[in-house]
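Asks: The numbering used here puts the first residue of the sequence shown at 1, with every later residue one more than the last.
Be aware that a few hints might be false.
[Claimed, not checked] DSBU-like cross-link-like pairs, simulated, lysine-lysine; straight-line CA separation at most 30 Å:
id	residue 1	residue 2
1	Lys61	Lys144
2	Lys154	Lys164
3	Lys99	Lys140
4	Lys153	Lys99
5	Lys86	Lys5
6	Lys61	Lys149
7	Lys5	Lys140
8	Lys154	Lys61
9	Lys153	Lys61
10	Lys86	Lys70
Please keep in mind that the hints were generated in silico from the structure rather than gathered at the bench.
Computed from a predicted structure; not experimentally measured.
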Amino acid sequence: MLSLKGDNIYLRALEPDDLDFIYEVENTEDFWEISATRVPYSRFLIKKYLQNSHRDIFDVKQLRLIICNKENERVGIIDVFDLEPKDRRAALGILIIDKENRGKGYGAEALGLISSYCFTHLGLHQLYANVNSENESSIKLFEKSNYKKVGIKKDWILVNGQFKDEILYQLINDVY
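Please take these sequences and the hints and turn them into a complete structure.
Replies: Dropping the structure here:
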């Protein structure tokens, strides 16, 4: 699919052989803060999730894609979730897994591809993301990608006994 292919990365649907990759990501406690996860996932549950990942986004309200580099290596995951078809909006989440792959432009390219896809193929009017106010790399990513900071949710998330603010970023589709 050309709309999900960029110069340095491409986004692809989940495959059965992504089981170990997703299991590792979902059970890495360092990522739990950004994904609002509090408990580990079993291989059984992830396998069931993969078996149902073919279902239509308008039915399940979520689309998860794998971010791959030119060498076909998995470098991250990007999610479209909380789809609201009536209001034509959805939330986005993105994670570049390994630190050595961060800062290479993979995130910005993936965000650009998924934003364009959501506007042109899903007919969405807006996308939004919630970013921890201390997550400087995600703040830079969304601002570089023309997402606008539209609000701050004070003391929104509790992390290790401390409340943190969350920034709401939004991109309005005024092109498509």
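Asks: Work down the list of hints and note, for each, if the structure agrees.
Replies: Results of checking the hints against the structure:
no.	hint	in the structure
1	Lys61 with Lys144	holds, 27 Å
2	Lys154 with Lys164	holds, 7 Å
3	Lys99 with Lys140	holds, 16 Å
4	Lys153 with Lys99	holds, 28 Å
5	Lys86 with Lys5	holds, 28 Å
6	Lys61 with Lys149	holds, 24 Å
7	Lys5 with Lys140	holds, 23 Å
8	Lys154 with Lys61	holds, 27 Å
9	Lys153 with Lys61	holds, 24 Å
10	Lys86 with Lys70	violated, 37 Å
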